[in-house]
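Residue numbers (UniProt numbering), protein chains in the order written: chain A, 1 to 233; chain B, 1 to 239; chain C, 1 to 475.
Hints may contain errors.
A partial selection of chain B residues facing chain C, derived with a Cβ cut-off under 10 Å [as the list claims (entries may be wrong)]: (1) 5; (2) 14; (3) 40; (4) 45; (5) 47; (6) 69; (7) 118.
Under the rule of at most 27 Å between Cα atoms (straight-line distance), these lysine-lysine pairs were calculated in the DSS-like manner [what the hints assert, rightly or not]: (8) B:101 - C:375; (9) C:108 - A:120; (10) C:409 - B:224; (11) C:470 - B:2; (12) B:94 - C:108; (13) A:120 - C:458.
Interface residues of chain A toward chain C, partial, derived using beta-carbon atoms under 8 Å [as the list claims (entries may be wrong)]: (14) 10; (15) 12; (16) 18.
Bear in mind the hints are in silico, worked out from the structure with no lab data behind them.
For glycine and all other residues, C-beta sits at the position ideal for the given N, C-alpha and C.
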Amino acid sequence: MTIQNRDQFLNRIAASLGRPRHTDGVERPKWSVNPQLEVLKGQTQENLIDVLEKQCKIIHTVFKRTDKNGLEQVLKETIKAYNGKSIIVPNDPRNEQYGLLNLFHEIEQRIETHIWDYTKQKENQIFAERADIGITFSDITLAESATVTLFHHKDHGRTISLLPHSYIAIIPRETIVPRMTQATQQIHEAIAKGEDVASCVSFISGPSNSADIEMNLIVGVHGPVHATYIVVD
Amino acid sequence: MKVSLFITCLCDIFSANVGKDTVEILERVGCNVDFPELQTCCGQPAYNSGYVKEAKQSMKQMIRAFKDSDYVVGPSGSCVGMLKEYPNLFKGDKEWEEDAKELADKSYELTQFLVDVVGIVDVGSTFNGRITYHPSCHMTRILGVNDAPILLLKQIEGIEFIELPVKEDCCGFGGTFSVKNAAISEEMVKEKSQHVTETKAEYLVGGDMGCLMNIGGRMQREGKKVEVVHITEILNTTD
Amino acid sequence: MSIQINESPFQERVQKGIENDFMRQAVSSAQGRFRTGKLTQAEELGNWEDWRQLGEEIRKHTVENLDYYLQQLSDQVSRRGGNVFFASTAEEATEYIQNVIKNKEAKKVVKSKSMVTEEIGLNHALELGGVEVVESDLGEWILQLDDDPPSHIVTPALHKNKEQIRETFAEKRGYTNSDKPEELASFSRDQLRKEFLSADVGITGCNFAIAESGTITLVTNEGNAEMATTLTDTLVTVMGMERIVPTWEEMEILVGLLTRSAVCQKLTSYITAYTGSRLEDEIDGPDDYHLVIVDNGRSKILGTEFQAALHCIRCAACINVCPVYRHIGGHAHNSIYPGPIGAVLTPLLDGYQDHTELPYASSLCGACTEACPVKIPLHDMLIKHRQIIVEKENKAPTAEKMMMKGFAKWSSSPAAYILSTKMARLALKAWTKDDTIENGPGPLKNWTNSRNFPAPSKQSFRAWYKEREKSGGAS
Chain A
1 MTIQNRDQFL NRIAASLGRP RHTDGVERPK WSVNPQLEVL KGQTQENLID
51 VLEKQCKIIH TVFKRTDKNG LEQVLKETIK AYNGKSIIVP NDPRNEQYGL
101 LNLFHEIEQR IETHIWDYTK QKENQIFAER ADIGITFSDI TLAESATVTL
151 FHHKDHGRTI SLLPHSYIAI IPRETIVPRM TQATQQIHEA IAKGEDVASC
201 VSFISGPSNS ADIEMNLIVG VHGPVHATYI VVD
Chain B
1 MKVSLFITCL CDIFSANVGK DTVEILERVG CNVDFPELQT CCGQPAYNSG
51 YVKEAKQSMK QMIRAFKDSD YVVGPSGSCV GMLKEYPNLF KGDKEWEEDA
101 KELADKSYEL TQFLVDVVGI VDVGSTFNGR ITYHPSCHMT RILGVNDAPI
151 LLLKQIEGIE FIELPVKEDC CGFGGTFSVK NAAISEEMVK EKSQHVTETK
201 AEYLVGGDMG CLMNIGGRMQ REGKKVEVVH ITEILNTTD
Chain C
1 MSIQINESPF QERVQKGIEN DFMRQAVSSA QGRFRTGKLT QAEELGNWED
51 WRQLGEEIRK HTVENLDYYL QQLSDQVSRR GGNVFFASTA EEATEYIQNV
101 IKNKEAKKVV KSKSMVTEEI GLNHALELGG VEVVESDLGE WILQLDDDPP
151 SHIVTPALHK NKEQIRETFA EKRGYTNSDK PEELASFSRD QLRKEFLSAD
201 VGITGCNFAI AESGTITLVT NEGNAEMATT LTDTLVTVMG MERIVPTWEE
251 MEILVGLLTR SAVCQKLTSY ITAYTGSRLE DEIDGPDDYH LVIVDNGRSK
301 ILGTEFQAAL HCIRCAACIN VCPVYRHIGG HAHNSIYPGP IGAVLTPLLD
351 GYQDHTELPY ASSLCGACTE ACPVKIPLHD MLIKHRQIIV EKENKAPTAE
401 KMMMKGFAKW SSSPAAYILS TKMARLALKA WTKDDTIENG PGPLKNWTNS
451 RNFPAPSKQS FRAWYKEREK SGGAS
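Construct the entire structure; sequences and hints are all you get.
In structure tokens, the structure reads:
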């Protein structure tokens, strides 16, 4: 694709900085301090789950915990609590591993379900827009900020976690890391190895909100109004 | 310990008592105090207004005045903070660079000197009363002196110490700012006065004469009864 | 210039701000919340000073090697299917974006909050071309409906109360419900959802571009940036050229500093990191992507004593602690960048001519410098501006110049100085009553208009000291 006016622009920067243009060989220095590595360092997975649970309260997110066997029941309760009549999910191999396909089969009489299918083009977005609930699996979960990280791709549309009225994140226990540091480190290392990063990575912490009116926190402005995290052991 | 008093021009002219108290406190804790007569103003009014050339003239005078001193100690966080900036301002000036650094290195604000250098927190004061303390911006943010004045005050037996709400907020003095942007300065000092009133303290204590003139002048105008005093006055009450 | 928002003289704007009770109340309570909120965040994090140190090191290194990282960024964006346009001026940037829109025959543009698009006057330029522009950030949308400029860089409608917002909604969009924030927000959600779904082009700003992968990171609570980047087929990102980091690892550090300093949160609800055009078979995201990198005066700041101003991450921490901002509000600054960082940046980007008062509208209390998460020495830069206004721009008032010349003579001559300590009381005697001056002469009048001024001591310190020495010194 095109890059316009670059040389003249970057030459001007170099001139202002009073040196020749740097076109290669720039290395990040070793930073004198790395406080990010100290946060929640050496915590057990159990402790991290506690941190996650506490942070969920702060970000207006319902926290639940179960195991693979109990997931179906917890999902049913949550869907009911959100009065869900329509649900959208990505086309994720974990749908089957975690029993979502069975669940959908069981509830299909009462609840409309949609599994992302890129061959159906914009239909996916249209369904997401009118869906009551979007459900995704978290790829990396950040305990400190209660954040789910989603790597979007052709089978995993960005709209699933964004347009429905409520959002449910299924968090496999092993995806939980202390903080964003570990997630971005993984991404950085993959890039360094020559991999391409996903076209969109979303770090989502609870429902959408705003404090733009008299600094009062209002939940649910553009994105979901409600959010539930389900940690699965 | 041989100490040279840096009186600051504000105290020299408007608050001679602060200077007297400073001398007496330093002597009481065993210092040998002298007063280099050639000292004038630290140059801050000009420097902060953008007149660096003019400011440097007074700075040079200060460097000359304290050339032979071991320690330079003044009752002001702001003015001492200015001395600490000298090395930056004379960087690259062969004639003055070294002397500027020497002066900066040996200069201390009074409470900082008492606590950090002399190593004392009880200066033998017997003050009685309910006080609150305004930590001036330059004392804390420029000079980095936060605890010393509080340690000294809390040590005094007869004192009831009340925390000033939002104490870190500027009182609105800001040197020439107080006349150049008088309308904004007025709103700031009104708010500070309000906060002082909320504490119901009998005394507002501070370590910088400029701020105290500002807050005191405002509280007097509002007819408020609080006495606005420099910390030296409290530390030097010994009857 | 679009950086300016107001044409009345500075002191008038100040007065207007001071008289705006609602605004002052709103700003004051917001600042109060930030004060406690940020303390909690910094405490929970621990080592706050280490974090600031790291933030500063990252910003310094990046800006010092800006040409390299922008080259890397643009290569990566291009490789990932995006077009990159380097715009030297606001005009070049707006013209390019106008052409993108024209080529798409687009009628409606949806935007997520972006200060640089305010700076280059993008909305105005697009609207002149007959394009409908919809701001999707709730605060920005409120201001847009009311044709009011932002007064804060993070919460742009801070100066408006809910009654005013209700009225605006009623008048402009037929709103009939109450002024409860929840109802106002719910109405906005419905209205803006429609706008998102019907927009042809999305335009966003950029919090941090990541050079190593060509990724743009956007930080929001509302999720509006995630909407804009997801739902439109044509997407334009506009970034100030300094808003870049080397890798994802530095992005993480700066995002953490930003969210803590801007809104006292560990992270905001949405951090959206998108790269180029959507990939094959992806449905969401743009298939036509453009990155516009804007200089607009920034390169003039590089290599000067103000270079660190380009380290700014637009968190508004300096604004949230500034007592001057609290009393006069954002509009008095006459810049879309208000508060301390605004007073530093605005004269650099827009020249001193219309902004000579800004660097002086500070008591130099240093609260801004202390709050800045990347350690920009803001109050020192204000002093540097003053020096330039005096020495280079020659814009200082004559009376002040005379006074400072006098000051230099006085303070460099011990004889003159000592004489003045003796004469001060006498000189002010005519205005003194009970050791107090209530109506001072000359410049002192500005002081005594609102507070008393003390009379000089009966005996100057040095006179006392001399006497004491004569009588044998220390008792």
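Verification of the hints:
no.	hint	result
1	5	8 Å, holds
2	14	5 Å, holds
3	40	4 Å, holds
4	45	6 Å, holds
5	47	7 Å, holds
6	69	15 Å, violated
7	118	17 Å, violated
8	B:101 - C:375	24 Å, holds
9	C:108 - A:120	26 Å, holds
10	C:409 - B:224	39 Å, violated
11	C:470 - B:2	20 Å, holds
12	B:94 - C:108	64 Å, violated
13	A:120 - C:458	92 Å, violated
14	10	4 Å, holds
15	12	5 Å, holds
16	18	5 Å, holds
In this structure, the earlier hints numbered 6, 7, 10, 12, 13 are contradicted, and the remaining ones agree with it.
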